[in-house]
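Undergrad: Here is how the chains run, residue by residue.
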Amino acid sequence: MGAVHAKSADNAGEVGGGLFEFEEPIELEEPMPKPQIKLEGVRVRRALDSMGCFREIGVFIDVSSGPDATPEGLEVTFQVKELSRVVGGINTTVSENEGNLVLGVKLPNVCGRGERVAAEYSVGHRASSNFSVAAAKPFPHRPRAPTATATLYQQNHEYPWSGYKLLDRGLLLDLAFHTSAATKHNLQWEGLVRDTSVINKSTSFRVRESSGPQMKSVVRHIVSVDHRDEAVFPTRGTWVQFSSEVAGLGGGVAHLKTELNVQANVRVLDDVVLQATGAGGALHDVFGSSLPDRLFLGGPTSLRGFRQRGVGPHADSQALGGKLYWAGGVHAWGPLPFTSARAGVASLLRAHAFLTAGCLCDPDEEGVSWAAGLSGARVSAGAGVALRLGRGARLELNYCVPLRARPHDVTAPGIQFGVGADFL
Amino acid sequence: MRWNAEFMSPSGRVPFIKCGAFVVSELEPIVQFAANKGVTLCSRLSTEEKAEMRAYMSLITNVLVNAELYISWLDEETFNAVTKVRNSSVYPWPLGWLQTRAKRNAVAKRLKALNWHDKTLDQVLADVEQCCNSLSQRLGDRDYFFGTPTELDALVFGHVFTIITTRLPCRKLAETVKQNKSLVALAQRVDEQYFKRP
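Those sequence lines, one after another, are chains A and B.
Residue numbers are given in full-length UniProt numbering: position 391 of the first sequence equals residue 391, and the series is strictly consecutive.
Residue numbers are given in full-length UniProt numbering: position 123 of the second sequence equals residue 123, and the series is strictly consecutive.
Calculated directly from the structure, the hints in this document are not laboratory data.
Among the hints, erroneous ones may be present.
What the hints assert, rightly or not - Dumping the calculated PhoX-like pairs for lysine-lysine here, alpha-carbon to alpha-carbon at most 25 Å:
| # | chain 1 | residue 1 | chain 2 | residue 2 |
| --- | --- | --- | --- | --- |
| 1 | B | LYS119 | B | LYS103 |
| 2 | B | LYS172 | B | LYS84 |
| 3 | B | LYS50 | B | LYS84 |
| 4 | B | LYS119 | B | LYS178 |
| 5 | B | LYS103 | A | LYS201 |
| 6 | A | LYS165 | B | LYS18 |
| 7 | B | LYS37 | A | LYS201 |
| 8 | A | LYS165 | A | LYS81 |
| 9 | B | LYS37 | B | LYS84 |
| 10 | A | LYS137 | A | LYS165 |
| 11 | B | LYS84 | B | LYS103 |
| 12 | B | LYS37 | B | LYS18 |
| 13 | A | LYS165 | B | LYS50 |
| 14 | B | LYS172 | B | LYS103 |
| 15 | A | LYS201 | B | LYS18 |
Claimed, not checked - Simulated DEER-style distance windows between Cβ atoms:
| # | chain 1 | residue 1 | chain 2 | residue 2 | range |
| --- | --- | --- | --- | --- | --- |
| 16 | B | LEU114 | A | GLY390 | 32 to 38 Å |
| 17 | B | ASN105 | A | LEU260 | 40 to 46 Å |
| 18 | A | THR92 | B | ASP122 | 51 to 57 Å |
Predicted model only: the values in this text are computed from it and were never measured.
Glycine is no exception: its CB is placed at the ideal position from the N, C-alpha and C atoms.
Here chain B stands alone, though its shape is the one from the complex (with noise of 0.2 Å):
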């Protein structure tokens, strides 16, 4: 674990990858470097299932990421209790309060631009509902939002897990997901075939 890797990465995000000489960052442009590299998990699908696949990510990025980053930064219960104090906890003082107000403008401003900074919460947690329902819809009773495992049920296991494993006062994001029983099912199933320990 290192305090910096948001600013080791190239676009001060995480997570990012090193290889060689490459440091690629974001989740999009790994795949494309593990794909020019001859790794893919959606070869054997069609283009329009691949285009679909896109449009089901971006959905994520625009709305599940835009609702963590709203709760966790905007939201003021959640901000004092956890957020401000892991954020500042790898800082000396007065370093960890300088910089985590720094992150809080960053994200309020970025929140701004896409129109989500003046939302209330109860509309970022209806975004966040119909997001999940047309994810559950696509996937349906099927294992595997494609039959076989791809970057989509990565990203949804991604997000989803750490919704309903992480602590927050604020239960309301963790509630709104937990609602579609097929995500938790595919977050709990992608966890035991891949991350269970022996």
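If we strip away everything but chain A, and leave its shape as in the complex, we get (with noise of 0.2 Å):
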């Protein structure tokens, strides 16, 4: 009785069978309700959508008729029409201060079961060039579906508020699972060959010591916990990512680093959302850690009113970045006056006003305890306007204050504008 026999992949194409097999036949005792079936329809059509090589999948759900049909039974067919099976895109970006031509070209379904490989090529105005390739693989018929990740690449930085840039060679291997719906983890090994150089000749001297190559292999653990509704506005949940890495198996680096991200959310009133933000982060270095290793803080994004990397020890008004750091925000989030938060661009649009707290410091230079470093709060308080780019990330437009600084900090009063993915 209520046997769900829907296992003909007729015009799977390339996907072929491989990809289906995961929904082995299900015998069921009792006939299945009609909403479960909407929800277990709804629950493959994301794991379908999942294995990112289709681009449309429909559910259609029907009484079955033919020859083994029964009076109770219903008939669950898939539609889907894949991406095709190469995908390349030319596309320009600007970033901080170089404009970039970027080649890229994916194969979002090598050998049918969801294998993809994407490649990229970019060149920058001022000759820098960053390629990446990657190759994944997912594997969901396993416990917790993983997916297997390899990239390599190689990658310039540049950070003007430090004085010093970088060139990063290396590979990742990424091991993404899921222990439970909410709950991802990611697994990580990283060896790379970073270059370290100086920006200009009034880089100052403590910068410039950090020049010179070195070899990092890092094992990183990355954990999140998203009970949010959505990542970008949300309105309820809370949200958790703690990632830990230890350095120094081979190599010429060994550190110790753990950092902690959280985000509380509460509908106050219809439209209004108070938002409470938490950050944390330790460094201990074991040998060879060096500037681009040291943690830091401020920003658009993260300690708002200071410059990026603003916080904390300074030399010539560069950025020398710390061991510890404490960070902390509250966020009353409304819809922009005059509108409503639901319709039409205004549903792409949020206000708010924000109070931003935080500290960073050396303790081991500073000559302190860590409790006397980690007391030096740093305030600061403003409101703006914010707009969602896509599902992960936003831009951020707002007018800051800082309140409390130290002698040695750099704040950036008034405008700010920050885009990015996680904010504080």
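Hints are included, so try docking the two chains, each in its own frame, into the full complex.
TA: As structure tokens, then:
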């Protein structure tokens, strides 16, 4: 009674039967109630969607017909439209102080089981070139549905607030899996050679001292628990992300580093959401850790009202970073005045007022206890508007007032502009 | 001693000095920098003598420096026994291997551009011999090239002393330089006068 027969993969094309095999025929004791069938359908649809190789997925539920049909029988049909075998793109990006031309090629489904290969190459107008080649394979049959990814990359980064630039070349191996619907783990190993060099002649000698190539091998674990209803403008729920890394299994850099990010959202009025955020991090250097390994705080996406990396020790107004930090913020989010948060373009925009505080220090260098180092809180407040960018990022334009700063901090009062995925 | 001194230098070469906010690298700019601060060794030299001094200094950078690079990076025996080991000793494996390879390529490229790459060891040594001969002729039997110590003496001391005191599998370079007794004597004189530890 009520067996699910939907096994035929008519015209499954390139994806082939492989992907569909994970839905074994489910033998049911009782007829499945219709709402549950619908839910199952949605679950399968989501599983197919997470493969990332379909352009369209349709679920059709109908009474069954044909020779094997039973009176209560239902037919569930999944109609999928695949992405093309090769997806390519050329686009331009403008970042910090460089324009880039990005060429990308993606094979969304190489062997018919959702294996992805993506390659990206970008050239900047200042002759810096970045590339990355990533290969990913999902294992939907296995428990916790892991996805293994290997990425080979070369990346140029510039950090004008600290006066140095990096050329990273490395390999990143990542294993992502879920232990519950909301809990996601990433287990990573990264081996890289990074070349640190100063940006210009006026770079502080303290920064200059960390020039040179270094090799680093890191094992990292990132766990995030996301109970929010939505990532960019959540209205309820909490989010916790905890990352810890151990460097030093090979290479010339050894340290322990942990960082914690939390966020809680409560809807207080109809459209007004109160959000509390917190962050903290610690670095324990064993040997060889230099400037790029250190922790930094400040900027339009973290402690607003300060320049990027503007909190903590500086030399010639170039951020040197620290080994301990904490930060927290309170936001009141609401729709833009005179509009509703639900309709039209206004649903992409929110207004907020915030109060952020934080502290970054290097207790060893300052010769103080960590408690004393972390008590010098910096505070800033402000208000502004935020624009949603897709499903994961947002853009903020704020007017910020630093309320408390230390003498060596670099503040940025007034209008501040930030783009990012994770905000404090 | 720092492992990354050459990367800290603005020009990518040692030596460099730090004076307040200024970081100045390589001999000529350092000499110039000191002269701007009013410290100079050649103030009493005439213009012709100064020009002569410059000429000899550039002779050294064009001949001795290239010969040193040639022997340490392109002479297989020296490269394998000394340079490779020394250059990669500050890095963890396999970064040492990568860095040494990159540096060897850079040196080879530089020597190619200067037409030194395709010379044989004997041709290089002949150039060194000629350079040393003209230096020792200029020195004659004086204590220093221009009577009192100048930058040229410092530069000659730096190269000669290093060449004669560094043990390499290829002894020919040291032997070629040692033939010029007056240069060796100059190096020993400077060493005794300025660098002798009590």
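Undergrad: Any hints from earlier that this structure breaks? Give me their numbers in increasing order, please.
TA: Of the numbered hints given earlier, those the structure breaks are 3, 8, 9, 10, 13, 16, listed in rising order.
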